[in-house]
Amino acid sequence: MCKVEGGKDYNIGNVALTSSTLINISGTIEQIPSNGLFYFKEAIHLSAKGGAQGGGYERDGINMLLNVNELKALSYAMKELIRTPIHDNTKQSDFKKISNSGTMKKIYLGFTMPNNYYINVRSLDKNSPKTIAIKSDKYKFLAYADSIFLLAQEVEKSMFAFGRKKDKIIKQLEANSGNQ
1 MCKVEGGKDY
11 NIGNVALTSS
21 TLINISGTIE
31 QIPSNGLFYF
41 KEAIHLSAKG
51 GAQGGGYERD
61 GINMLLNVNE
71 LKALSYAMKE
81 LIRTPIHDNT
91 KQSDFKKISN
101 SGTMKKIYLG
111 FTMPNNYYIN
121 VRSLDKNSPK
131 TIAIKSDKYK
141 FLAYADSIFL
151 LAQEVEKSMF
161 AFGRKKDKII
171 KQLEANSGNQ
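The sequence shown lines up with residues 1 to 180 when you count with the numbering used here.
Just so you know, these hints were derived from the structure itself, not from any lab.
From the three backbone atoms N, C-alpha and C, an ideal C-beta is built for every residue, glycine too.
If you anchor each label on the Cβ, the simulated ranges turn out as follows: (1) 34 with 129: 35 to 43 Å; (2) 110 with 65: 16 to 24 Å; (3) 165 with 124: 34 to 42 Å; (4) 115 with 18: 15 to 23 Å; (5) 137 with 56: 19 to 27 Å.
Dumping the calculated EDC-like pairs for lysine to aspartate or glutamate here, alpha-carbon to alpha-carbon at most 20 Å: (6) 165 with 42; (7) 72 with 146; (8) 41 with 156; (9) 135 with 146; (10) 157 with 70; (11) 138 with 80.
Construct the complete structure from the given sequences, taking the supplied hints into account.
In structure tokens:
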């Protein structure tokens, strides 16, 4: 969702985990114009939406902007939570994720017996705090962790590919201007 005039978005992929709530993560590369040339920037958008009455999902939710390393870290934390032993019908998870949006939006991972794993997305805005939680069993939780890791890798690979393409275009422009 490039907000720069003349910018362009390239969609890399999209993964969702659904139940009565929705967590959707989309990876894009933004092409941003700069002084007659352009540069690329990764943008991973996480959107969490609660269930709406009558079916579907709420129109508004919590939106976060992440980078590749934050998305990989979330995947690793989800897998680590699965491996954590159970004590007193709970698992200890102090994973707290802060987005590029600042300290006002965080992701927490949770567990309750029997076999219920949670991703909790929280907006800590003092005027309208909100939490959207999505529940999953162990296998969907692991599958989603794998999917978001693969998305992070695809965005990273795409950044390298777009960077090489940019360098090739710039070299071609420089060669063309030298021939005139």
